[in-house]
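Colleague: So the protein lines, in turn, are chains A and B.
Under my numbering, the first residue of the first sequence is numbered 1, with each subsequent residue one higher.
Under my numbering, the first residue of the second sequence is numbered 1, with each subsequent residue one higher.
These are computed hints drawn from the structure, not numbers from a lab.
Remember, it's a predicted structure, so these values are computed and weren't measured experimentally.
The reader is advised that the hints may include incorrect statements.
Unchecked claim - Below, in silico cross-link-like pairs of lysine-lysine (DSS-like), each with a Cα-Cα straight-line distance of 25 Å or less:
(1) Lys210(B) <-> Lys137(A)
(2) Lys182(A) <-> Lys121(A)
(3) Lys134(A) <-> Lys94(A)
(4) Lys71(A) <-> Lys109(A)
(5) Lys114(A) <-> Lys94(A)
(6) Lys114(A) <-> Lys70(A)
(7) Lys134(A) <-> Lys210(B)
(8) Lys94(A) <-> Lys116(A)
(9) Lys186(A) <-> Lys116(A)
(10) Lys94(A) <-> Lys71(A)
(11) Lys46(B) <-> Lys70(A)
(12) Lys70(A) <-> Lys49(B)
(13) Lys46(B) <-> Lys94(A)
(14) Lys70(A) <-> Lys158(A)
(15) Lys183(A) <-> Lys116(A)
(16) Lys46(B) <-> Lys134(A)
(17) Lys210(B) <-> Lys71(A)
(18) Lys137(A) <-> Lys94(A)
(19) Lys158(A) <-> Lys183(A)
(20) Lys71(A) <-> Lys116(A)
(21) Lys94(A) <-> Lys121(A)
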Amino acid sequence: MAMIEFNHVNKFYGQFEALKDINLNIERGEVVSIIGPSGSGKSTLLRTINGLETIQDGQLIVNGFDLADKKTNINTIRRDVGMVFQHFNLYANKTIIENITLAPHIVQKRDNDKLKVEAMKLLEMVGLADQADKYPKQLSGGQKQRIAIARALAMNPKAILFDEPTSALDPEMIGDVLEVMKKVAKQDVTMVVVTHEMGFAREMADRVVFMDEGQILEVSDNPVEFFNNPTEPRAKSFLSKVIAR
Amino acid sequence: MIEIFQTYTAEFMQGMGMTIFSSLLAFAGSIILGLVCALFEISPIKPLKIIGTVYVEIFRNIPLLVVTMFFYIVIPKYVMPMSGFSAGTIGLTIYTSAFFAEVIKAGINSVPTGQWEAARSNGMTYLQAMHHIVFPQAVRIIIPPLGNQTITLVKNSSVLAFVAGFDLMYQANQISSITFQQVPTYFIVGILYLIITMPLSYLMRHLENKLEV
Ligand SMILES: Nc1ncnc2c1ncn2[C@@H]1O[C@H](COP(=O)(O)OP(=O)(O)OP(=O)(O)O)[C@@H](O)[C@H]1O
Ligand SMILES: [Mg+2]
Numbered sequence: 001m002a003m004i005e006f007n008h009v010n011k012f013y014g015q016f017e018a019l020k021d022i023n024l025n026i027e028r029g030e031v032v033s034i035i036g037p038s039g040s041g042k043s044t045l046l047r048t049i050n051g052l053e054t055i056q057d058g059q060l061i062v063n064g065f066d067l068a069d070k071k072t073n074i075n076t077i078r079r080d081v082g083m084v085f086q087h088f089n090l091y092a093n094k095t096i097i098e099n100i101t102l103a104p105h106i107v108q109k110r111d112n113d114k115l116k117v118e119a120m121k122l123l124e125m126v127g128l129a130d131q132a133d134k135y136p137k138q139l140s141g142g143q144k145q146r147i148a149i150a151r152a153l154a155m156n157p158k159a160i161l162f163d164e165p166t167s168a169l170d171p172e173m174i175g176d177v178l179e180v181m182k183k184v185a186k187q188d189v190t191m192v193v194v195t196h197e198m199g200f201a202r203e204m205a206d207r208v209v210f211m212d213e214g215q216i217l218e219v220s221d222n223p224v225e226f227f228n229n230p231t232e233p234r235a236k237s238f239l240s241k242v243i244a245r
Numbered sequence: 001m002i003e004i005f006q007t008y009t010a011e012f013m014q015g016m017g018m019t020i021f022s023s024l025l026a027f028a029g030s031i032i033l034g035l036v037c038a039l040f041e042i043s044p045i046k047p048l049k050i051i052g053t054v055y056v057e058i059f060r061n062i063p064l065l066v067v068t069m070f071f072y073i074v075i076p077k078y079v080m081p082m083s084g085f086s087a088g089t090i091g092l093t094i095y096t097s098a099f100f101a102e103v104i105k106a107g108i109n110s111v112p113t114g115q116w117e118a119a120r121s122n123g124m125t126y127l128q129a130m131h132h133i134v135f136p137q138a139v140r141i142i143i144p145p146l147g148n149q150t151i152t153l154v155k156n157s158s159v160l161a162f163v164a165g166f167d168l169m170y171q172a173n174q175i176s177s178i179t180f181q182q183v184p185t186y187f188i189v190g191i192l193y194l195i196i197t198m199p200l201s202y203l204m205r206h207l208e209n210k211l212e213v
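Kindly produce the complete structure, drawing on both the sequences and the hints.
Modeller: Written out as structure tokens, the structure is:
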């Protein structure tokens with residue numbers, strides 16, 4: 001059974017159709033990159049997966065739960081599906097270590113002392129063990145984003161959704177975050193990554209999804225080939241623009 | 001002036017005590033009611049939202065004196081006996097709670113949506129996200145305007161004078177009608193109100209400074 005299954009999904013913001021007949025299966029452990037021009041619906045697609053946006057039509061199944069089904073408790077899905085945001089959204093009133101342990105403690109009811117030990121291991125993995133007792137506003141953007149990834153990992157998720165995790169960062173910070181993401185990609189957690197980092201998509205993704213105007217125009221299971229030689233004309237013109245930049 | 005104060009010290013002090021007592025009760029009541037109304041107003045549950053919004057709109061837009069008179073006249077006539085002090089304090093509470101609700105609602109709404117989204121994406125329920133993440137951040141924003149509303153509440157407690165609530169203003173009316181010394185009497189009362197509200201202003205500024213860092 002796939003981790004995430006879109007069957008003929010449509011999404012409207014009022015009259016505006018943001019997602020048009022989306023069909024996509026994402027397997028467990030897969031790393032999928034979603035690329036496409038601004039306003040093409042990448043964030044919208046990602047945010048439907050954990051119910052931050054609702055769908056109007058079609059079927060969306062995440063970790064075996066049907067999101068349109070009234071009986072589905074969205075919090076059950078969210079326990080297993082983490083999210084990393086463009087602007088980090090660390091909890092401003094909590095220290096770094098509390099940011100990581102809070103949800104596992106109150107949502108999964110795990111023991112706080114054990115969680116702290118685990119959190120320190122995660123902090124080591126993202127290279128920020130010395131920042132545990134600081135507050136988010138004392139950290140740089142790149143550090144915040146690495147903490148956000150650690151926060152998502154602390155729930156032991158089956159999947160993590162990344163929405164342009166490096167877009168708000170200074171260029172010299174991007175590398176550190178990508179490094180952490182590569183470590184995550186080597187674990188068996190499913191990753192759906194909306195990104196403008198074509199390098200990450202090419203190198204780490206099992207598949208690349210190209211979107212434009214609310215539609216999926218091309219799905220490639222050979223990212224290197226896709227970047228060298230996209231079949232879809234709009235993907236071609238998009239890639240020539242981003243690569244020229 | 002000093003003479004008047006010396007002659008009527010007991011009355012002034014009783015009035016001041018009543019003003020403080022009524023204000024304290026109304027403050028506690030307004031915090032609870034205001035918080036409940038604010039949570040109702042922003043609730044994703046439609047009926048609660050409507051109840052909260054209607055309550056706030058009604059009591060924010062009726063003069064305090066009218067609300068108080070309702071409890072002083074209508075309730076004793078049809079429901080149960082009620083002293084002027086109770087009627088005044090209840091009226092003051094209900095009126096003030098509508099303003100407290102607005103301040104609390106605005107504070108909660110000013111917390112960035114990203115904080116909500118992160119907490120909910122982390123698996124927290126609406127109430128967990130509110131309790132652990134959003135409300136604690138809102139408190140910093142709420143405190144200064146809430147302090148202002150609290151000072152207004154103390155001043156508004158003079159409405160008790162209209163319903164024989166034995167507060168400071170009531171005593172002043174009594175004393176000046178006996179002595180015909182209106183100017184010194186109300187001067188003293190003004191100072192006594194300042195003695196209550198100035199420390200509140202100071203406390204508020206202190207809290208604001210503490211929250212800055
Ligand atoms: N809350 C909303 N209400 C109305 N329209 C919206 C809303 N959110 C997004 N849209 C519209 O839906 C379309 C897709 O937006 P989305 O944010 O998914 O694009 P995106 O591909 O993530 O773009 P970007 O690369 O700029 O982040 C856009 O036209 C946008 O204006
Ligand atoms: Mg986006």
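Colleague: Going back to the hint list, which numbers does this structure go against?
Modeller: 6, 10, 13, 16, 17, 20
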